[in-house]
Structure formats: structure tokens, C-alpha cells
Amino acid sequence: MEIRIENLTKAYGDFKAIDNMNLTIADGDLVGLLGPSGCGKSTTLFMLAGLNKPTAGRIFFGEHEVTDIAPEDRGIGLVFQNYALYPHMTVEDNIMFPLINRKVPKNEARDRAYEMAKMVQLEGLMKRKPKALSGGQQQRVAIARALVKKPEVLLLDEPLSNLDAKLRVETREEIRRIQQEVKITTIFVTHDQEEAMSISDKIAVMEKGVLQQYEVPQKMYLNPGNLFVATFLGTPQINVFDAEVHDGKIYCAGNMLRSGCMVPDGSYKGGIRPESFNVTLLPSAPDAIRAEASHVRMTGRELQIRFNLGANEFRLLVHSDMQIGVGTPFYLTTREKQILLFGQDGKTVGKF
Amino acid sequence: MEKKSMKGYLYLAPALIIILIFTIYPLIRAFMLSFMEDYNLVNGSYKGINLENYIDIFQDRHFIKALTNTGIYVVFVVPCSIALSLIIAVLLNSHIRFQGVFQTIFFLPYVTSTIAIGIVWGWIFNSDYGLLNQLLSWFGIKSIPWLTSKQYALPSLIIFSIWKSMAFDILIFLAGLQTISEDLYNAARVDSTPRWRVFWRITVPGIGPMISYAFVMGMINAFKVYNEVYALFRGKNGPAGSANTVVFYIYDKFYNQSKYGEASAAAVILFLIVLGLTIIQRTLTGKKE
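Chains as they are written, first to last, in the working numbering: chain Y, 1 to 352; chain A, 1001 to 1289.
Please note that a few of the clues may not be correct.
Claimed, not checked - Beta-carbon label-pair distances, calculated as ranges:
(1) Y:A132 - A:P1239: 55 to 61 angstroms
(2) A:L1084 - Y:A132: 34 to 40 angstroms
(3) Y:E115 - A:L1091: 36 to 42 angstroms
(4) A:L1010 - Y:E123: 57 to 63 angstroms
(5) Y:A11 - A:I1180: 25 to 31 angstroms
Bear in mind the hints are in silico, worked out from the structure with no lab data behind them.
Just so it is clear, the structure is predicted and the values come from calculations on it, not from any experiment.
Even for Gly, the Cβ is constructed at its ideal location relative to N, Cα and C.
Please take these sequences and the hints and turn them into a complete structure.
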């Protein structure tokens, strides 16, 4: 089911939790609503669910406008952050509950519940109470309960935030698998950019109630629409520096990083990802910049090196076999098309 | 270690001493008294150690009447109070306007003296110009002699007590309701759960421990009913003893008739009933968990 959000606004008094949001989600996509806490992503999700009423704007599921339709009539499955399993019912009763409410005969309801349980691999736990399940299992019960009524849209609020690190990676793959199997349009809320990038078909990044960008993960990572998106995606964070452009050349604290750029002269914010440097111990090119490591951190796969250009601090990542210690001088160039320039308003000017 | 535990007992001592003197000792003493035939409080003499007191009270129709009255009282007051309180608590919890005002109103009976409430209800029940009869007259019901007839004394007491004990029940139910996650109700909404099923499958189980607690406490308190009788019937036990209760009987035997043994025997019987019901209740709710 295609989901279309038109000029959606949610205001609490003077505060706009969601400001004029427009978004179209294609049928069958898995979409991550990503942003820092308080950015309005959960509010958006609950408006899609119908539990929150928008102040203005419209929501369409397919051809039908659902803005004023009650949650139970929207054909949605909703998974809460804390799962909201009914604590006094068994797993079986929890999964059957939405069907019983829709007056599905008990036998059929039970069959469908077991079918669902099989898909989320819960067989054998059906007679347990939620309390006797691990976090990951509870999560799967919640998903089964949301899917058992065959909704057209699946909404998940921070589905992984209550799980430990290892389980989180497993569960997100699990969510992806289930979503692919059911082929249901799915929207999940998260504040974890890695989580969003790894399983989403598309990511919607939000900040302060405003949709910043809606894009395929790889494209968004490589071509962020603005400085916020650039800094929000990726760990370690993208390096942001004061950039000057003269005659098509990008400088940082007097060091020329790139020439031949078609940008008007002036001051910009520059951005370059830690993995986008070429580092050598001897000068590899005439315009290689000399720098000294101020901190070196070994993370196993790679070395994380900090250095300064003028007042700008940078982090870069190199393969861990590189022999660089604190104070070691090295030479660096930047990979093609990896320097981002942002205007004073934060909007992306270009990639060089 | 030794020294440390000594210090601990020292801290406990003041409370322990008071409990020993005013609770444990009287308990044992009453138990002993109940077996002493014709005990004399002045010189401590008694005829013998036997079951005479128990035989006497069970042959006393006033005791049987008090016991039945108390039984009827408990059977009506506890479940009615819990049911009504549950409904009111759920309504109060549903984000209505002036929620705080209503909460205060419903909690007032709990902090007000029973005697004061008794006086007010005395007026409500008044057969000539009472509010209740006024209200009933609108429905064409003739004026009822609530407090002055043998027939209506116990029902009046029960109505009064239900109203009074609701305050406490509402309070703990409200506290319980607030522990039920809002998400559960939202989940139920998305699952298109009918209201009555939300109530029975989410709300009631959610405050199950509170209901069970209210039940035990309500039952124990109801078996001990005395103040309410005293307040409503101005120190009497209703017209011709028609609203007599076990504790009222014990009090009367002890202070007015100076039959210490019989009073103690009645107290022991009451204790055993409450103990028995509490054990039954605990095993029943204990099994569920």
C-alpha cells in the first residue's frame, strides 16, 4: 500500500512537532524514519497509526484518505517500543487477540496465530506469558500480533531500542526478512543511523519536526542534502571544517584540498568523511598535505587518527597495518568526489 | 557480627516493646480469658478452665444474630464497594475534566471522622425529612424508616459502609490504574478491542493485585465493623439490636455486662474466621501467580 503524507503538521501550542511534512512511500518499501530524539519521528508514526491527530495536512493509504479514520479501521499493524504485550495473556492469546476482536472464529484464529508464530519462529513458546520471554522473543510476539490481522501497513516504534547490541543486529535482519516475506509497506522509527541504513529501502531523516531528506541509504550517505544529514549519518562523524574557495580551489587553513571546482569564491562549510583520505608516509603527490597525528586509536580493523589543519580537527581512518603513532608526520590527499561543500544555510552546494 | 545485630535489636526495641505490651500481650491474654469460666477482673479468680464461654456464646441468640449480621454485612459491603469503586476509578482515570476535584471528593470520606459522617448520614436516612426518602419519593416510593425499624437498620448500615469504604478502594485502584501502560490501551485500540473486553482483559488483570488487596483489607475491616454502627445509631446497635455486629457484641459483653470470658471467646471466634478467610484467599490468589 502506498502511503502519502501531504502538508502534515502537528502543533502543541506554539511548538510545531511536525512542520509541513510531505512524503510518499512506495508500496512494499521498508522505510526508516531517522532522527535524533525529539525530532518528531514517533509523532509522525503515531499520526500514521491514527493515535495522534494531525493539526493540519492529510494522510493517504493508497487512494483512501485516512486522516480522520480511527486507528482500528486503518488496516495497520503497530509495534510499540516496549512491545505492549498483554501481560496476563499467553503468547497464543496475545497473537489471537486482534482476530478474536474482529470476530474471527476461534479455530481459524488459532490456526492463523500458529502460522504467524511459525514465521517469526515462536513455536514452542505459545503457552508462555510475555514475562517468561526474552526481549527478542517479546519483540517477535509483538510483530506477530501486529501482522496476524494481515494489515496493509506495518508501523514499528523504535523496534530495537530495548534489545542488547548483539540481538539488535540479529533482530533487524529478522525484521527485514519478515517484511520481505509478507511484502508489507513498513515504516520504523529509529535514532540509530546504522540500523536505518542497513535494512531500509529508503530513509527519511527528520530534525526539529522537518523532513530533511528522503533517499536510498547509499545515495543519502554519499549525497547528503544538507549539513545535518551529513553529520547525522556515519560513525565516526563526517569531518566538518571551515573551507575557503578561491579561483575554483578549496582551501582549509591555507592547505589546498582540491582544484578546478566550479563554485563561486567565498566561505563555506566543508565536509569530508574519515574514510575518504588517502594517507601515505612519504609524499605521494606534489599537492599532498603534510599533517601530524595528535591522537591514534586502534579499533582492530582500522586506525583512527586525529590531526589538525589550523583550528580544524579531523579524524581519518586507515587500515590498521599502517605504522603511525602520535606525532608521526604523514601525507594525505582526498579521494575524488568526496569533499562536500555546504552553503551558509547548510544546504549542499556540491561534491568535489 | 554479634555487636552489629545487638545494635539492630536496640533500634527495634521501642517499637517491639510497644507491640508486645499493646498487641501481643492482650492477644494472648484474650485467648487465655476465653477459656476461663466466670473470670473476675477485680481479684483475678475464675471457676475453671473449660469451653463454657464458647458454649455460652453459641447458645446466645444475640451472638448468633451478631454473627449473621456481620456475615451479611461482609457479603454485601466488600464486593459492592469494590465493584462500585472499580467503575468510579476507571471513570476518574479516563482523562475527564476536573479529575483532581473528583478525586478529592471521593477521597474525603477516608479522611473524615466516621462519627461526623455518621451524623450526616443520620440526616440523609431520616425518615421524615431525610434526603434519601426525598429522592425515593420522586419515584413514588413511600418514606422508609431507615434507622428506626428493625427491618431496615442493617441495610442502612450496609449502604452507609459501602459509601464509606469506597474511598480507600478508589484510591488504591486509581494508583493501580496509573501503573497500567498507556501503550496497552493504544495497542488494544489498534487491535479494535471492544470496550468491555479492554476492561476485563486489560484493566481488571492489570490491577488484580490491588483488587485482591482491597478484598482482604475490606473483609478484615468489615468483620471488625463497630465505628459505623456506633456512628449511625448514636452509640446503639440499631433498633432492638437489629444492627448488632460481632465487635459490638464483644464490646457490650466486656464493658456493659462484665462477661470477660464470653467477650474473649467471641473475639477468638472472630479472629479464627478472619484468619481462615485470609488463608483461603491467599491460597486462591497465590495459585494464580
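Open item on the list: A range of 36 to 42 angstroms was offered for this pair. Does it hold for the Cβ distance of Y:E115 and A:L1091?
Closed with: Hint holds: Cβ distance 40 angstroms, inside 36 to 42 angstroms.
Task: Cβ distance range 57 to 63 angstroms for A:L1010 and Y:E123, holds or violated - done: At 59 angstroms between Cβs, range holds.
- [ ] Determine whether the Cβ-Cβ distance between Y:A11 and A:I1180 falls within the hinted range of 25 to 31 angstroms.
- [x] holds (29 angstroms)
Open item on the list: Looking only at beta-carbon atoms, does the pair Y:A132, A:P1239 fall within the given range of 55 to 61 angstroms?
Closed with: Hint holds: Cβ distance 58 angstroms, inside 55 to 61 angstroms.
Open item on the list: Is 34 to 40 angstroms respected by the C-beta to C-beta distance linking A:L1084 and Y:A132?
Closed with: holds (35 angstroms)
In the structure shown, no violation is registered for any of the earlier numbered hints.
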